[in-house]
Amino acid sequence: MSTYLPFARTEARTNYLNADYGWKSWLFTTDHKRIALLYLFSITAFFFVGGAFAVGMRVNLLTPEGIFAHDTYNKLFTMHGIIMVFFFLVPSIPATLGNFLVPLMIGARDLAFPRINLLSWYLYMIGGAIALTAIVKGGVDTGWTFYAPFSSTYSNTHVILTAIGVFVSGFSSILTGLNFIVTIHTMRAPGMTWGRLPLFVWGHYATSLIQVLGTPVIAITLVLLGLERVLHAGIFDPAVGGDPVLFQHLFWFYSHPAVYIMILPGMAVISEIIPCFSRKALFGYTFVAISSIAIAVLGFLVWGHHLFVAGQSMYASMVFSLLSFLVAVPSAIKVFNWTATMYKGSVSYETPMLYAFGFIGLFTIGGLTGLFLATLAIDVHVTDTYFVIAHFHYIMVGGMVMAYLGGIHFWFPKISGRMYPEGWARFAALIVFVGFNLTFFPQFILGYQGMPRRYAHYPPEFQVLNVMSTAGASILAVGYLLPIIYLGWAWRKGPKAPQNPWNAKGLEWEQSPTPPPTYNFETQPVVTEPAYNYSGESEEVGIG
Amino acid sequence: MTHPVVPIKTYAAVFGALLALTITTVAVSKLELGEFNFVAAMTIAVIKGTLVVMFFMDVRRATSLTKLIVGAGLFWMAILFVFVLSDYASRGWLPGPRWF
Amino acid sequence: MGESEATLAVHEPDLKHHFDDSAQQFQSSTLGMWVFLVTELMFFGGMFGGYTVYRNMYPDAFASTSHFMNVPIGAINTGVLIFSSFTMVMAVRSAQLGQKKVLIAFLIFTLLLGCVFLTLKYVEYHEKWVDHHIPGPGFQYADTRYFHQAQILFFLYFAMTGMHAIHMIVGAGMLIVLISMAARDRFTQAWYTPVEMIGLYWHFVDIVWIFLFPLLYLIGHTK
Chain A
0 MSTYLPFART
10 EARTNYLNAD
20 YGWKSWLFTT
30 DHKRIALLYL
40 FSITAFFFVG
50 GAFAVGMRVN
60 LLTPEGIFAH
70 DTYNKLFTMH
80 GIIMVFFFLV
90 PSIPATLGNF
100 LVPLMIGARD
110 LAFPRINLLS
120 WYLYMIGGAI
130 ALTAIVKGGV
140 DTGWTFYAPF
150 SSTYSNTHVI
160 LTAIGVFVSG
170 FSSILTGLNF
180 IVTIHTMRAP
190 GMTWGRLPLF
200 VWGHYATSLI
210 QVLGTPVIAI
220 TLVLLGLERV
230 LHAGIFDPAV
240 GGDPVLFQHL
250 FWFYSHPAVY
260 IMILPGMAVI
270 SEIIPCFSRK
280 ALFGYTFVAI
290 SSIAIAVLGF
300 LVWGHHLFVA
310 GQSMYASMVF
320 SLLSFLVAVP
330 SAIKVFNWTA
340 TMYKGSVSYE
350 TPMLYAFGFI
360 GLFTIGGLTG
370 LFLATLAIDV
380 HVTDTYFVIA
390 HFHYIMVGGM
400 VMAYLGGIHF
410 WFPKISGRMY
420 PEGWARFAAL
430 IVFVGFNLTF
440 FPQFILGYQG
450 MPRRYAHYPP
460 EFQVLNVMST
470 AGASILAVGY
480 LLPIIYLGWA
490 WRKGPKAPQN
500 PWNAKGLEWE
510 QSPTPPPTYN
520 FETQPVVTEP
530 AYNYSGESEE
540 VGIG
Chain B
0 MTHPVVPIKT
10 YAAVFGALLA
20 LTITTVAVSK
30 LELGEFNFVA
40 AMTIAVIKGT
50 LVVMFFMDVR
60 RATSLTKLIV
70 GAGLFWMAIL
80 FVFVLSDYAS
90 RGWLPGPRWF
Chain C
0 MGESEATLAV
10 HEPDLKHHFD
20 DSAQQFQSST
30 LGMWVFLVTE
40 LMFFGGMFGG
50 YTVYRNMYPD
60 AFASTSHFMN
70 VPIGAINTGV
80 LIFSSFTMVM
90 AVRSAQLGQK
100 KVLIAFLIFT
110 LLLGCVFLTL
120 KYVEYHEKWV
130 DHHIPGPGFQ
140 YADTRYFHQA
150 QILFFLYFAM
160 TGMHAIHMIV
170 GAGMLIVLIS
180 MAARDRFTQA
190 WYTPVEMIGL
200 YWHFVDIVWI
210 FLFPLLYLIG
220 HTK
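Protein chains in written order, with numbering that gives the first Met the number 0: chain A, 0 to 543; chain B, 0 to 99; chain C, 0 to 222.
Quick caveat, the hints were computed from the structure, so don't treat them as lab data. Mixed in with the good hints, there may be bad ones.
Computed cross-link-like contacts, PhoX-like style, restricted to lysine-lysine with a CA-CA straight-line distance of at most 25 Å [stated by the list, open to error]: (1) C/K120 - B/K8; (2) B/K29 - C/K127; (3) A/K23 - C/K15; (4) B/K29 - C/K120; (5) B/K8 - C/K100.
Please put together the full structure from these sequences, using the hints given.
Encoded structure:
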């Protein structure tokens, strides 16, 4: 049964935002919702730092000769990658929306380990501070992939400092994943069986599995890299008996699953938005749930596709190529199910839904181009070109960042207790979509035509497409700045939100006030219906 | 915590077995057995590890979820080993791409 | 505060507010510690993987380095750690039985054995220092054919045993905390979860050593 309160009560009701005041109540909080907000602000800050490096890169690429020295350009793309991957994409949705919503969605009062949750944020901040220190001191120029022996022996930039920053923030990621896994296993409300879990929770569970299993490997890899940089024993240096491909194996064992850490939460958000704005239960719930787990598992078996031209054996490359094809299947299953959900649904076009549409289209393009890259013969031609860059930006930016924005808008009323201005939000979504495609579609062509990645200078015939890309980036930047402005405004001055402005299903909407009180629920929810019960049917006996 | 208390004898027996196996593995390492040295040493290590996991860490009486987690951890380490080593082992089995 | 009225009328001590009951809290703690141990397994696994690769690449060089490994110390240390796992599990058992003094005794015993291990490790490392077997600018190796490969092996030796030793030190620190808690009567038969959880951690560190010992000390020792 959904409860629908037409208006939130006035500030007399204590919610998590006004439960306590003062900086100590925020910096020493153990409330998962406050920690989510701490993350939200710091992650947004890092996004713009990473974006600043991108601006530098795209400005440099306006002309074939560029404006920066080669070494400086190397640092720009390295820092862009490191900040965006480790300090924005990996934590983004799990640490913000995941932290906020997972306990609410399962009917719990908090995560299993609230203090570890706070520790996660501090580790993230410490790691970020260390990385920023490295940047201020001159940065790193190895590429975010830290390939040896350049990173271990020849680069004279702040590799170790940056590696420490990434190492520390990696523990933040591990602890978040650990927290989610335990919470989802042990703290579901009565009646909240695995089969009734929102797919947002399934997606975060799968993400957490990857975080827990993969991150330790890059941690030890960075330790070995740091030690090697100091001692020069030769573990990754071929001049003294080491194997640089070993570094790549260990690095990508994490870093490939890491991209699934980045995308699974985005898919999780889409799985919530689409049923709500189609007024229809998600089609193929079980398939989508199992697909999340399948992506997490299969994602660990494909890392060799980053080593196709690195000297990996042909046999291993063929195996990894086949597995890389397989890992596309569960993602495709999700896309089909989302589409089927919309079919004969009552679709409306609020901002979250606009971002969801963008996600489906752009993620599909990005995913399909991944199949090109998984094909050995094609990869030989397009690897380390802008084709790869366009591929992963379609997924990470066209997919993940759009899902992030969609989720922020969808749950903004729940988090802040206010409504955002729908007109501005739709406009910004449109700007983002146009800007994104103008930025990155030319890069597919550039890559196919042979422009290598990580080059500060390029042949003049590539200039037109590069200028288009930079123009698109400037539009995209506007699209990202707009939400900062209007969401910031709406937080203070927006109209008060009703408890359930979207009339969405889910414990966080139906049984928790907006914004939620510190312990989330007035009384512990008891779940009696399946997820996404938009048609109001009672569950068939025997399921769930 | 709901489990009955394990008798000291059991723990002592496992302890004794672990020490005996340690002595065994050192003794076997002194023999000239070629490749079998490695196999023997690893087998004994696996047995010792299993004893610690099953008895000292009480996985023997743990929930299925705990067993699943232990299994998953070992499986994931196996993924790392098998795939990395298969790359090194299979270098040269198939010719690399040619440019002509 | 917003705490639900539907929670238990009797609020058990040591029950955190966000849990419904002690069973849920214990289940969470156990699950959390096991998931953490899996991360540790993957952490060490990366090094074991690197070790395996180089072993297979340079079997003769690696076999030659076995001569410089101090097998007696390694074997004694293995015995010491196994003994400490025994005392640790006895500590958990005595906590389960509510035997405070026995618990403290076994915890102290475990801590002492850990310190013995670390002391012997220090002796070993010192030996390596004297032999110039610490990788870096000062590295020397008798068999010049294998200079580089041996340095890689010693690098891995120090990385793996060093990381293991760090985990031992952390474990020792946790034991001190447990001893202090036990002395202050923090544990009852109803709640001794930290003892059990640290026990799991301690056994894991023991298992890592159980595999490190043959790999680093024993193999190739016949040649």
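Practice task
Given the hint that B/K29 pairs with C/K127, test it: the Cα-Cα distance must not exceed 25 Å.
Solution key: holds, 22 Å
Handout entry: Straight-line alpha-carbon gap C/K120 to B/K8, limit 25 Å
Key = It is violated: about 31 Å lies between the C-alpha atoms, which goes past 25 Å.
Handout entry: Agreement of B/K29 and C/K120 with the hint, judged by alpha carbon distance not exceeding 25 Å
Key = holds, 23 Å
Problem - Restraint status (C-alpha distance of B/K8 to C/K100 at most 25 Å) - result: holds, 20 Å
Handout entry: Given pair status - C/K15, A/K23, alpha carbons within 25 Å
Key = Distance ~21 Å between A/K23 and C/K15 Cα, so the pair holds.
The structure shown violates just one earlier hint, number 1.
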